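Asker: Okay, here's what each chain looks like letter by letter:
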Amino acid sequence: MTVDALSVRGLSRNFGNLVVLDDVSFTLAAGRIAVVLGPNGSGKTTLLRCVVGADRPDAGEVLVQGRRADETDPQVRALVAAALDDIDFFPDLSVVEHLELVAYAHGGDAEPVEEVLAELGLEPARDQLPVTLSSGQRRRLALASCFVRPRRVLILDEPEQRLDVRGRQWLADRLRRERDAGTAVLLASHDPELIDAVVDERIEIGR
Amino acid sequence: MSAAPATIAEAPPGLPTARQVRTHLRRARRRHHDHSLGDVLGDAYVVVLFVGMYGWFAVSASRDVLVSPTVGRADPGVRWWLAVAALLAGAGLAWRGLRALGPLLVTPATQSWVTSAPVDRRAWLTPRLGVLLAGAAAGTALLAVAVAVLSGVTDLGAVGWAAAAGAGWGAAALALSVVAQSSRSGRRWPTVVGAAPMVAAAVVATVVVIAGRLGDAPPRPAALPTGALVAVGVPLAVLGTVLAVRALPRVDRATLTTGAQFANAAATATILLDPSMLTSLVESRRWRRIGRVRSRRFLPGPAWWALLQADVRRLRRHPSALLIWAGLIGVQYAAALALPGLAGATQVVFAYFATDRLTGGLRAVSRSPGLRRALGGSDAALRGIHVVVPAVGAALWWLLTLPSLPTLDAGPTWLAPTLAVGVVAAAWRAGTRPPINYGGATVNTPFGMIPVDLLRQGSRGPALLAVLVLVQLFLG
Numbered sequence: 001m002t003v004d005a006l007s008v009r010g011l012s013r014n015f016g017n018l019v020v021l022d023d024v025s026f027t028l029a030a031g032r033i034a035v036v037l038g039p040n041g042s043g044k045t046t047l048l049r050c051v052v053g054a055d056r057p058d059a060g061e062v063l064v065q066g067r068r069a070d071e072t073d074p075q076v077r078a079l080v081a082a083a084l085d086d087i088d089f090f091p092d093l094s095v096v097e098h099l100e101l102v103a104y105a106h107g108g109d110a111e112p113v114e115e116v117l118a119e120l121g122l123e124p125a126r127d128q129l130p131v132t133l134s135s136g137q138r139r140r141l142a143l144a145s146c147f148v149r150p151r152r153v154l155i156l157d158e159p160e161q162r163l164d165v166r167g168r169q170w171l172a173d174r175l176r177r178e179r180d181a182g183t184a185v186l187l188a189s190h191d192p193e194l195i196d197a198v199v200d201e202r203i204e205i206g207r
Numbered sequence: 001m002s003a004a005p006a007t008i009a010e011a012p013p014g015l016p017t018a019r020q021v022r023t024h025l026r027r028a029r030r031r032h033h034d035h036s037l038g039d040v041l042g043d044a045y046v047v048v049l050f051v052g053m054y055g056w057f058a059v060s061a062s063r064d065v066l067v068s069p070t071v072g073r074a075d076p077g078v079r080w081w082l083a084v085a086a087l088l089a090g091a092g093l094a095w096r097g098l099r100a101l102g103p104l105l106v107t108p109a110t111q112s113w114v115t116s117a118p119v120d121r122r123a124w125l126t127p128r129l130g131v132l133l134a135g136a137a138a139g140t141a142l143l144a145v146a147v148a149v150l151s152g153v154t155d156l157g158a159v160g161w162a163a164a165a166g167a168g169w170g171a172a173a174l175a176l177s178v179v180a181q182s183s184r185s186g187r188r189w190p191t192v193v194g195a196a197p198m199v200a201a202a203v204v205a206t207v208v209v210i211a212g213r214l215g216d217a218p219p220r221p222a223a224l225p226t227g228a229l230v231a232v233g234v235p236l237a238v239l240g241t242v243l244a245v246r247a248l249p250r251v252d253r254a255t256l257t258t259g260a261q262f263a264n265a266a267a268t269a270t271i272l273l274d275p276s277m278l279t280s281l282v283e284s285r286r287w288r289r290i291g292r293v294r295s296r297r298f299l300p301g302p303a304w305w306a307l308l309q310a311d312v313r314r315l316r317r318h319p320s321a322l323l324i325w326a327g328l329i330g331v332q333y334a335a336a337l338a339l340p341g342l343a344g345a346t347q348v349v350f351a352y353f354a355t356d357r358l359t360g361g362l363r364a365v366s367r368s369p370g371l372r373r374a375l376g377g378s379d380a381a382l383r384g385i386h387v388v389v390p391a392v393g394a395a396l397w398w399l400l401t402l403p404s405l406p407t408l409d410a411g412p413t414w415l416a417p418t419l420a421v422g423v424v425a426a427a428w429r430a431g432t433r434p435p436i437n438y439g440g441a442t443v444n445t446p447f448g449m450i451p452v453d454l455l456r457q458g459s460r461g462p463a464l465l466a467v468l469v470l471v472q473l474f475l476g
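Chains C and L supply the protein sequences, listed in that same order.
Each residue of the first sequence is one higher than the last, beginning at 1 in the UniProt record's numbering.
Each residue of the second sequence is one higher than the last, beginning at 1 in the UniProt record's numbering.
No wet-lab data here; the hints were simulated from the structure.
One thing to keep in mind: the hints can contain errors.
One side of the interface only, derived from the structure: several residues of chain L facing chain C at Cβ under 7 Å [as the list claims (entries may be wrong)]:
| hint | residue |
| --- | --- |
| 1 | Arg26 |
| 2 | Ala28 |
| 3 | Arg121 |
| 4 | Ala123 |
| 5 | Leu243 |
| 6 | Pro249 |
| 7 | Arg250 |
| 8 | Ile290 |
All of these numbers come straight from a predicted model, not from anything done at the bench.
For glycine and all other residues, C-beta sits at the position ideal for the given N, C-alpha and C.
With the sequences and hints as input, model every part of the structure.
Answerer: Below is the structure:
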């Protein structure tokens with residue numbers, strides 16, 4: 001019997017008496033890419049935040065590789081990489097230092113950092129401080145943080161945002177390679193081209 | 001060339017320790033700035049000097065006021081028990097503050113780049129817990145010393161016991177709030193711990209005010225119960241610290257970052273002397289907790305009628321504003337008993353605070369040119385409509401608190417209505433404060449260079465309030 005990389009069971013989240021997520025359930029196998037679809041305000045970002053542990057659901061549970069995804073569990077943090085819209089930067093660390101820090105904290109070395117910098121076109125900005133980056137470069141840096149560390153599950157909230165055409169092409173290619181490497185990818189996206197190009201499963205919420 | 005995705009099945013065994021990650025981060029950050037230990041100690045010295053100097057000045061000035069002939073005629077028992085109620089209310093508010101902050105927090109950058117990694121959370125948070133415990137113990141010890149001195153204690157030994165009691169209870173509250181932070185959502189005990197002192201404060205204050213006005217005030221105890229407070233507080237602090245250390249691994253990202261937003265807004269508001277940055281965050285969280293409301297059509301009529309209905313509706317959806325408005329009535333009665341010589345002045349101040357709670361609509365239309373454009377009509381008319389609710393609230397509050405004033409403080413007949421109108425004007429000025437402009441001329445103050453415009457706009461409202469208080473003190 002194979003264990004799903006990611007399982008969400010009966011997840012609910014309310015803001016006061018406003019029901020944002022109502023009993024959401026789905027599973028995602030390793031090497032599959034799923035997109036969360038829904039109109040604005042349907043709770044896509046809230047769902048991803050609950051999966052990652054950035055928000056506490058009112059009911060339900062998330063399992064990562066069969067174990068309860070408690071964000072305080074280091075094992076879970078080692079398995080799940082995420083780029084949500086709440087990312088922030090140390091104002092006094094350069095681009096490359098941010099990535100080296102993540103790689104180091106995950107027990108790795110700086111080896112993948114240069115490759116990821118080159119892949120994301122961040123090499124010219126490697127020594128720049130975050131305040132000097134454009135919004136697109138910041139987005140790329142956020143995405144890069146997911147790729148310099150080990151992962152089994154990848155959570156991305158509208159990763160195509162602020163990326164130019166080449167960036168979007170790279171993103172589609174990167175997600176395919178993640179799938180080939182056995183990573184389960186859960187993303188929220190409004191880009192039909194990206195969705196058609198890479199997505200295996202569609203999870204509709206808020207309809 | 002592309003990086004092959006690295007994958008793992010379990011957390012890798014070769015993870016760096018929290019200390020190693022902290023050292024790595026510190027070294028990387030040091031490369032980009034040159035803060036020496038001397039700079040840090042210099043900053044700390046300035047803070048200690050500032051707190052010591054102004055703290056002692058505040059305590060000695062307050063003591064002089066309390067023993068002055070006009071203020072000191074209050075019944076000692078009434079004053080003592082009302083001080084107990086104030087301390088209980090302060091403890092409840094402090095607990096709420098600790099819960100809003102976390103109290104453990106990490107900056108959004110640290111969350112994004114460090115604590116999202118499988119770094120041992122207890123080891124990462126333990127130094128922060130230590131600093132917070134020390135800070136809480138020191139802060140509450142100082143507060144307890146101030147309270148002891150204000151209550152007339154001069155014996156050094158007794159002051160020491162008061163400091164120990166304060167430190168114990170401060171550390172216990174901090175440690176227990178960390179335990180609360182680690183507990184799953186829906187647990188009721190943190191709410192109960194916060195509500196209990198508030199309820200106790202309300203009960204004590206109500207009983208004392210009623211008894212005091214009937215001339216049957218409870219007597220003041222012969223001595224401060226510091227021994228008992230130490231006997232309970234210190235063991236509670238030790239137990240709380242043990243529980244807090246055990247709870248550290250369960251403190252999750254959601255609570256660590258929520259508090260950071262609050263702390264960041266508070267720090268920015270303090271640095272820029274603009275409390276609106278903090279109040280807007282508090283406000284947005286409040287509305288988020290409510291989530292959904294029952295929308296209803298406005299009763300037909302002219303535009304001003306719909307806007308007025310909207311302002312009333314806003315207030316009904318924000319009952320805590322009304323609760324504070326009503327609670328301040330009780331506070332005024334208590335203040336009038338404890339500080340009879342200042343009853344008129346406290347009425348002006350609390351009336352301002354009560355009226356300010358009702359100015360949500362005024363603040364909303366004043367801070368947003370876009371909203372005013374969308375609503376149509378002149379700015380003056382829009383602001384005028386949104387001052388109706390605060391004005392009615394102020395008038396009602398004033399009338400309800402008139403019996404709290406001793407007849408001696410009545411003053412000329414025109415004074416009370418003038419002060420009431422002045423309070424509305426002060427709330428109007430604060431509510432219509434434009435966004436602070438940090439440019440323009442600066443002035444050198446003991447706190448550094450401050451833009452003149454910031455002082456002018458920051459004092460909009462409170463400056464008029466100060467004038468009203470002075471008028472009341474001289475003519476009342």
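Asker: Would you mind marking each hint as holding or not holding in the structure?
Answerer: Against the structure, the hints:
no. : hint   : in the structure
1   : Arg26  : 11 Å, violated
2   : Ala28  : 5 Å, holds
3   : Arg121 : 6 Å, holds
4   : Ala123 : 11 Å, violated
5   : Leu243 : 16 Å, violated
6   : Pro249 : 6 Å, holds
7   : Arg250 : 5 Å, holds
8   : Ile290 : 4 Å, holds
Going down the numbered hints, you'll see the structure goes against 1, 4 and 5, while the others check out.
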